[in-house]
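Sequences listed follow chains A and B, in order.
Count along the first sequence from 1, then add 2; that gives the number in our numbering.
Count along the second sequence from 1, then add 30; that gives the number in our numbering.
No lab work stands behind these hints, which were simulated from the structure alone.
Incorrect hints may have been included.
Claimed, not checked - Under 8 angstroms between C-beta atoms, here's a sample of chain B residues computed to sit facing chain A:
no.	residue
1	L101
2	S102
3	S125
For glycine and all other residues, C-beta sits at the position ideal for the given N, C-alpha and C.
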Amino acid sequence: MGRVVGIDLGTTYSLIAFMDAQSGAPKTISGPHASSLCPSVVSVDAKGKVIVGDDARDLLLTEPERTIYSVKRLMGRGVADIKDELKIFPFRIDAKSDSVIRVMLGDKSFTAPEISAYILRELKSWAEAYFKETVDRAVITVPAYFNDAQRQATKDAGRLAGLEVLRLVNEPTAAALAYGLHKQKRGHVAVYDFGGGTFDISILKLISTTEGDIYQVLATNGDTHLGGDDIDNALMELARGEIKTKYGVELDHRGEDVQTLRKSLIRAKHELSSAEKTLVEYPLGTKGMYVREITRKEFENLIAPIVERTMRPAKLALADAKLTPKEIEEAVLVGGSTRIPLVRKTVGDFFERVPHSELDPDEVVAMGAAVQADILESGVKTMLLLDVTPLSLGIETMGGVIAKIIPRNSTIPASAQEMFTTGVDNQTAIDVHILQGERELVKDCRSLARFQLKTPPGPAGLARIEVKFLIDANGILQVAAKDLRTDEQHTVEVQPSYGLSDAEIERMLEESIDFAEQDLAERQVIEARTEAESILVATDKALKNTGGNIITADERAEIGKAEKELRATMGGHDYKLMREKIDGLNAATEHLAEILMNGALQTALEGKSLDEF
Amino acid sequence: MTLSQPQTKRAEGVPVSSCWNCKGAVSGTHFCGACGKIQPLPAGMDYFAFFGLPRKLTIEPASFEGQFHMLSWKLHPDNFVRASEFERNLSLARSSELNDAYRTLRDPLTRVEYLLEFLKVRKEGTTKQQAPPELLEEVFELNESLDELRDARAAGGDVALLRGRLDAAAGNFQEKLTEVDAELARLGSEWDAAVDFGSDEAKRAALLTRMSEVLNRRSYIRNLVDGVQKEIADA
Numbered sequence: 003m004g005r006v007v008g009i010d011l012g013t014t015y016s017l018i019a020f021m022d023a024q025s026g027a028p029k030t031i032s033g034p035h036a037s038s039l040c041p042s043v044v045s046v047d048a049k050g051k052v053i054v055g056d057d058a059r060d061l062l063l064t065e066p067e068r069t070i071y072s073v074k075r076l077m078g079r080g081v082a083d084i085k086d087e088l089k090i091f092p093f094r095i096d097a098k099s100d101s102v103i104r105v106m107l108g109d110k111s112f113t114a115p116e117i118s119a120y121i122l123r124e125l126k127s128w129a130e131a132y133f134k135e136t137v138d139r140a141v142i143t144v145p146a147y148f149n150d151a152q153r154q155a156t157k158d159a160g161r162l163a164g165l166e167v168l169r170l171v172n173e174p175t176a177a178a179l180a181y182g183l184h185k186q187k188r189g190h191v192a193v194y195d196f197g198g199g200t201f202d203i204s205i206l207k208l209i210s211t212t213e214g215d216i217y218q219v220l221a222t223n224g225d226t227h228l229g230g231d232d233i234d235n236a237l238m239e240l241a242r243g244e245i246k247t248k249y250g251v252e253l254d255h256r257g258e259d260v261q262t263l264r265k266s267l268i269r270a271k272h273e274l275s276s277a278e279k280t281l282v283e284y285p286l287g288t289k290g291m292y293v294r295e296i297t298r299k300e301f302e303n304l305i306a307p308i309v310e311r312t313m314r315p316a317k318l319a320l321a322d323a324k325l326t327p328k329e330i331e332e333a334v335l336v337g338g339s340t341r342i343p344l345v346r347k348t349v350g351d352f353f354e355r356v357p358h359s360e361l362d363p364d365e366v367v368a369m370g371a372a373v374q375a376d377i378l379e380s381g382v383k384t385m386l387l388l389d390v391t392p393l394s395l396g397i398e399t400m401g402g403v404i405a406k407i408i409p410r411n412s413t414i415p416a417s418a419q420e421m422f423t424t425g426v427d428n429q430t431a432i433d434v435h436i437l438q439g440e441r442e443l444v445k446d447c448r449s450l451a452r453f454q455l456k457t458p459p460g461p462a463g464l465a466r467i468e469v470k471f472l473i474d475a476n477g478i479l480q481v482a483a484k485d486l487r488t489d490e491q492h493t494v495e496v497q498p499s500y501g502l503s504d505a506e507i508e509r510m511l512e513e514s515i516d517f518a519e520q521d522l523a524e525r526q527v528i529e530a531r532t533e534a535e536s537i538l539v540a541t542d543k544a545l546k547n548t549g550g551n552i553i554t555a556d557e558r559a560e561i562g563k564a565e566k567e568l569r570a571t572m573g574g575h576d577y578k579l580m581r582e583k584i585d586g587l588n589a590a591t592e593h594l595a596e597i598l599m600n601g602a603l604q605t606a607l608e609g610k611s612l613d614e615f
Numbered sequence: 031m032t033l034s035q036p037q038t039k040r041a042e043g044v045p046v047s048s049c050w051n052c053k054g055a056v057s058g059t060h061f062c063g064a065c066g067k068i069q070p071l072p073a074g075m076d077y078f079a080f081f082g083l084p085r086k087l088t089i090e091p092a093s094f095e096g097q098f099h100m101l102s103w104k105l106h107p108d109n110f111v112r113a114s115e116f117e118r119n120l121s122l123a124r125s126s127e128l129n130d131a132y133r134t135l136r137d138p139l140t141r142v143e144y145l146l147e148f149l150k151v152r153k154e155g156t157t158k159q160q161a162p163p164e165l166l167e168e169v170f171e172l173n174e175s176l177d178e179l180r181d182a183r184a185a186g187g188d189v190a191l192l193r194g195r196l197d198a199a200a201g202n203f204q205e206k207l208t209e210v211d212a213e214l215a216r217l218g219s220e221w222d223a224a225v226d227f228g229s230d231e232a233k234r235a236a237l238l239t240r241m242s243e244v245l246n247r248r249s250y251i252r253n254l255v256d257g258v259q260k261e262i263a264d265a
């Protein structure tokens, strides 16, 4: 078995972290750009090659039709759900989408879990390069307010990326965990998690027991479509409006120009977290230059309604936890959007205390996930997370009304049993419709799944089928049915309303294996090339430093020949041949290396440092 | 999205009261005393027994919470990630039962409802939705005011006066709710005493019936208050 990691699969950035055995603390892993933040951007080139992260983000400007960002917004959703988002986000939806949205990247279409799987694979490759070991299991975080379909989609993404998902952990809970370890807090804690695309608020109670610490979530609330993206969109709307009225230029919201503008506006947003004002410049070709100064005051007025939208979930969560703001001992800030001074002030005013932000708000979720991953992997439990289900689970009853069977904020795993029977004589099937949400009517709640209970014909009311609904520790629903007359277990074929069926995932997995082989071969070429380069550099340096008179001319010729042969293979893709030539050069330089080592030892003994050698 | 129920998958010939692993005797406890393995949920185990509590209506919150945390620590699926699928399912069943029991017993109202359902005095989710006789007159007046409010609102007339009247009525019923809760608490104490002193079946049955009646009244008034508050908010 390979390594286990914690992954924060974010709207804007994704991160991967692990538990560092030496320091006993969670650590994030950086990618090739020396940053732990992997932009959640995916691009597919004309040859079908997938590019993820910083490089894909650059392609957003030049290849917008082949590149996608904020795909998390599409997870577990149907076409009808995203009508409003399509006005603002440049998603190109495949007309053939059914219960699962398919997005066009170039001329190929992908589901959101597939695109998310590319991000997960990228992170996995960062970790594998770091450990020089395979990574095959992970704890992945999700917004606390994600519904069943969104959670299932995240789990599917993990599976598609070749990861066994040990657990889905709610983002604010993961953050609390990282904070708790850091500060040894006790009492009631509010975690305010305002990220790129989602907002969560969780109220936790931190308890010390003789066994270890327990993080009990009392209540959670949020909005899975409220985040920094909305702030960017407000800025975009402002700028596009002004450009249209003042310069008569209408920017297509899906074109590449608009991505350049978006990029400068995001930079302006970041600057306004520390500066009082900033300047946005955007060239309009022959029409001149859009130059706009934005003050912090104006920015705050613009985003105040968005920030205000976080307060309703905050109040609801507190009410469900049966607490007042005064009873909250600590407020913790998580997510990039909490860098905005207005957000900090709003949270501070509400909880009547200065909120904590000692840990990097971008990294803290991944770090918490790594802690949980380590606990599940090692089997050594130092603490326990008790999370809740964010939404009530219900079933459709007569007249389109919902009967709630598991209330929101129930500690998970949670279950409920319901008895079903027939309503008319000789009825052979009973339809069951499962929903999630707080409203009373079916039409106002989220349809999760439907299934049919089969029963032999008989008089109405004779059938007695007991259905057990269980929400597991990931917040994902499982269903089992039992015929109480025969005591037989029923098989339940559940059709998810929004999401991939098992068969679809199997097919995608088969396809991805082909991909993985291709990826692996490519990685081996790159690794071999890197190794060849470093050995060539080392050999040249050794030959130069030693003046060349410590080895024989024959030896020197032998080394020269091996070097030449290795160089000849480096432009190609045959990594096996490259490895062979690396071994050849290693053999040729063996004597030289030995002499150098002895010399180094001698020098060291004479009191000189190795660097001087 | 399918779930296997481990308690029905017991090996043949093994009596319910023996451990699935070491065949040692277990009696409704969470773990086998001999080999330490987690046990399937025995059929018919009630929420009180799950927590090791007598079937009484007064529960001391601090020790109840403490017991919940202790059991969570032992039963949570986190402990069984590396265990067999059978044991993982047992943990899932046990820990969900624990959380269901916690949720139900934590709140005094759902606690008494559960006791009555478990003892088959009430059927789950059923309450008689007819007005208790002593409230008939007031309910009649309230419904009249509500009708007038709806009419006035539809006609675009002044609703302030009616609203005041409804506020007063809602307040009045809220008070009745407090009275009902006090009565429920009193009956609860009587029940606990009956359990402690081992009172006869007839006395216990009478108390249970009385509690069920009070719960019906409570549910009726609660719906009334909620309805009025909703109307006021809409107006």
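Verification of the supplied hints:
1. L101: violated, 11 angstroms
2. S102: Holds: closest Cβ of chain A sits about 6 angstroms from B:S102, inside 8 angstroms.
3. S125: Constraint on B:S125 satisfied, holds at 5 angstroms.
The structure fails hint 1 only (numbered hints given earlier).
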